[in-house]
Amino acid sequence: MDGNTHHIAPKETEALMAGGSQTLKYVAYISSPDMEVLNDATFGVGADPADMWAYLDDATARLQAGHPSYTFTPRLVRYDQVTTEIPRP
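Take 0 as the starting number for the sequence shown in numbering that gives the first Met the number 0 and just add one per residue.
Treat the hints as calculated values from the structure; they're not laboratory data.
Idealized CB from N, CA, C, for every residue including glycine.
Some hints here could point you the wrong way.
Label-pair ranges, simulated between beta-carbon atoms [to be verified]:
| # | residue 1 | residue 2 | range |
| --- | --- | --- | --- |
| 1 | P32 | D56 | 13 to 23 Å |
| 2 | K24 | T83 | 17 to 27 Å |
| 3 | R61 | I85 | 43 to 53 Å |
| 4 | T22 | T70 | 50 to 60 Å |
| 5 | V81 | D47 | 15 to 25 Å |
| 6 | S30 | P86 | 39 to 49 Å |
| 7 | G45 | G19 | 15 to 25 Å |
| 8 | A60 | M34 | 12 to 22 Å |
| 9 | D56 | D33 | 17 to 27 Å |
Please take these sequences and the hints and turn them into a complete structure.
Here is the structure:
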């Protein structure tokens, strides 16, 4: 470094950076009241959200029927890969 380092302003940085994101998978979870994962399933990127929620609703209903005093929490999570090109300083 020679003391003449060029600093890039945030707006300039946004203009120079290229990137994107890609969905890798979806994971459906059902947690118990103490947040222990009781059931999970992995779905591919082409899965229909309505089908994934139908799976969660059905699995949650089965757990609720077996343990009526508990409250179960279904969650659907999308995992993405984010890529960002870093410009040369």
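Out of the numbered hints, which ones does the structure contradict?
Violated hint (a single one): 4; every other hint is consistent with the structure.
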